[in-house]
Amino acid sequence: MNIAARPAPDSLPLRAPSLQTIGMTKTFGAFTALDDVSIDVKPGSFHALLGENGAGKSTLVKCIMGFYTPEHGSVLLDGKEVEVRSPRDARALGIGMVYQQFTLVPCLTAAENLVISRADAPAIIDWKAEKQRLEAFMERMPFRVPLNEQVSSLSAGEKQKLEILKLLYLEQRFVILDEPTSVLTPGEADEVLGLLGDMARRGEVTVLMISHKFREVKAFCDSFTVLRRGRLTGAGDAQTATVAEMSRMMIGDTEIRERAERRKHNDRPAVLELAGLVAEDGEGRPVLNAINLKVKAGEIVGIAGVSGNGQSALVEALAGQRPLKDGAIFIHGKPFEPKRGDFDRFKVFGLPEEPLKNATVPRMSVAENMAFRAFDKAPMASLGWWLSPGPMRKRAEELIDRYRVKTTSADAPIETLSGGNVQRAVLARELSGDVDVLIVANPCFGLDFASVSEIRSQIMEQRNRGAAVLLVSEDLDEILELADRVAVMSGGAIGYVAAIEDTDRNTIGQHMAGH
Amino acid sequence: MTAVLASSSIERGGLSPRAIRMIEAVIIPLGALVASAALFSVFLLFLGKSPVTFFNLIWTGGFGSAFSIQNTLQRAAPLILTGLAFAIPARIGLTLIGAEGALVLGGFSAAAIAIPLVRGGWTPWIGLPIMAIAAMLVGAFWIGLAGWLRHYRGVNETISSLLLSYIAIAIMNFFVEGALRDPASANKPSTMPIGDAYRIGPMPGTSVHWGLAAGVVLAVILWLLMSRTTFGFAARMTGGNVRAAQAQGLPVGFLVVACCAIAGACAGLAGFFEVAAIHGQANASLVAGYGFTGILVAFLARQNPLAVVPVAILFGALAAAGGLVQRRMAMPDATVLVLQGMIFVVLLVSETFYGRIPFLQPKRAGDRS
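As given, the protein sequences belong to chains A and B, one line each in that order. So that you can map any letter, position 449 of the first sequence is 449 in this note's numbering, and since no number is skipped, the others follow by simple counting. So that you can map any letter, position 264 of the second sequence is 264 in this note's numbering, and since no number is skipped, the others follow by simple counting.
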């Protein structure tokens, strides 16, 4: 490694660098996560890295950041080969990354977070001088964050901005963003990406953004690269390429199941009724503020909202994972308690988010996981308590077949399955019977395209058969595609309800931001 | 990527996942035993003692003769029960280390309730079952309390069960040195002896008391309960993922307290046998560390109630051989405790090897990108 590869921090170029990877290959055992991937990010560009889940996007940026050592390939920064063996090396070279999870210290102020993030932060900090320097720094920045407020009191958008400011404060001019807008309202997302785009155009930073939202790519990026199954499948100008072209590069020629048809229903009675639900978090702060909502038979009500506005608390309350402080749940006009007996009596089923975490026992087998609803009933149990593995296994094999769950055997621990197959196994368990009420939360999070469309059409099928469906989703497109009505949650309350044909993305977005 | 994985996942061939898990559950603890024996040999060499002599003596003292085998089994009996007392709550995700307290309190309760029974001239056929039931109920209450605190008050069950053990020992001491003290027990404060009529004799043809049979029967019953009943299934669901169990509407609180109560009953029964078969009265001898060794037994048995039996016998042999080691090698009898401690540490380290033994892994590795 030569001297030029590791410039001292003070000689860093304060303009946007270019970055190329040449023939990057990374394998895990026999699985090739990256196969000879070369990308070219021009200085001052806003470059999108597109691909489905598991396409290798994260692996590629982790190789650039020095988390992984690739088997082959090299990274060129400003045309010179550099060796990045650890994130520390990347930082010294001016390559920074904003992760999906925030890396700020919540109990410190924004200013404190910035100063302690410096590698050369002194043991004793002269706060007065630092504050002055920070204010001078902020003057030059396109967006501001209140410096003296605790990070925990900042909104998600402000935290995201602070993460980006932190990279710029550390003089990192090559910025990698990992799906940065998943925690933001559409308005916040547009603001942050717009301002970063302006900086890139002025030649102050180069941005590489992992995304799977074509809308953002078309609106803000100037160039793009697509990965599929670890291989480079395309690159080009984001403004001239069409969405259809990009999506073909991402998913290949996979046949995608048609969107399930929405059957028209006459007006049906309300099945699920939430009356004034109130719940608190562990510290006694309210997370649900008097939620009132009715869901009719054969209707999907979509709950939109920015992550962390009480949606997960609502799902937990309905699933019996969070006690209700006040309020009541009615199904067909009768009070419902989230207990096993009532789940069965009222035919209530659920597809929680992150199914491996919320709906399965990872170490139990696929067959056992598929038996969660039925293990204590005939034919799997005799006398109500003696288990019969035979019928359990037989039932599991039927379901594995019918729902095309890919597993080595019904006895394999469910944690060995891929995300899409875990979700399919849960789907098989929850949707194979008669469903009256279905509670769904972010059902497609982290899944590949084929699974997504299949799962959405299954949900639509339940609606068409007459189930009352409550769909909580952070993906607005999903709600716009599936829901009959949309309700927006903000600050633990439902502020806006509208039929899907009477509203649009912008109106919903404004209510998500709490206006 | 799903398609890639799907096509390659069928190529695994050979062993089924269940077989792999079973092989792991056997070879990893065995490997840990071998590794700790090696480590302990180094320790012995430092002391200038011969490891060969040591392990020979362990064999002789534990299994070498009919006498030593019976000695081993005698000591294994309470370890089976305290091993179960750790293993059952572990299946529901709790780390309860309070079996010592439940054993002491159970044994004390049995001895205490025996006083009026013996005085009243009740036949042992009625009196002994009453003593056993009292011991199990008190033990169940004691560990059940730790489970209740855990589920309904969020108190760490490991800490609370450990502290409850000290309280249990203090309660016994309070009565044994006070109200229930037998005036004849001058040097070692004890309760009134239960008398020969109430002593449980050995099983026919052996010198081993009936506690061994009780332990083996309970191990089989609890194995069936945990693996073949809806209760066990629900408990394993709760232990594997409490959020999933809640979402299935299972009575998580009841399951947690019930598993703890079963554990406490096992430990209490061990206390009953210590009193009725060994000591004949309750005193400080009940605090012999069986509760803590039971933790080690359950760990090595991978929380499997059936495996608890052979592992308890192994540790019974270690304890039985302690005296022989002390006499023949001029080493303190705590030497065996050093070995136990090493086994425990190595076992904890060996937990990290599950799913990581190269030749047991499917050919595609690291698909979690």
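For the record, the hints were derived by calculation from the structure and aren't laboratory data. Treat each hint with caution, since some may be false.
As the list claims (entries may be wrong) - Computed Cβ-Cβ distance ranges for the label pairs, DEER-style:
id: 1; chain 1: A; residue 1: Pro106; chain 2: B; residue 2: Trp210; range: 35 to 43 Å
id: 2; chain 1: B; residue 1: Leu360; chain 2: A; residue 2: Lys394; range: 27 to 35 Å
id: 3; chain 1: B; residue 1: Gly289; chain 2: A; residue 2: Gly433; range: 49 to 57 Å
id: 4; chain 1: B; residue 1: Ala197; chain 2: A; residue 2: Pro379; range: 33 to 41 Å
id: 5; chain 1: A; residue 1: Pro379; chain 2: B; residue 2: Ala19; range: 44 to 52 Å
id: 6; chain 1: A; residue 1: Ala219; chain 2: B; residue 2: Ala19; range: 38 to 46 Å
The beta-carbon is built from N, C-alpha and C at its ideal position, and this holds for glycine as well.
Is the hinted range of 27 to 35 Å satisfied by the C-beta distance from Leu360 of chain B to Lys394 of chain A?
28 Å, holds
Indicate whether the distance between the beta carbons of Ala197 of chain B and Pro379 of chain A respects the range 33 to 41 Å.
52 Å, violated
Note whether the CB distance of Pro106 of chain A and Trp210 of chain B lies within 35 to 43 Å or breaks it.
Because 59 Å falls outside the window, the suggested range is violated.
Supplied distance hint 38 to 46 Å, evaluated on CB atoms of Ala219 of chain A and Ala19 of chain B:
53 Å, violated
Is 44 to 52 Å a correct range for the gap between the Cβ atoms of Pro379 of chain A and Ala19 of chain B?
27 Å, violated
Is it true that the C-beta distance of Gly289 of chain B to Gly433 of chain A lies inside 49 to 57 Å, as the hint says?
52 Å, holds
Comparing the model with each numbered hint stated earlier shows that hints 1, 4, 5 and 6 do not hold.
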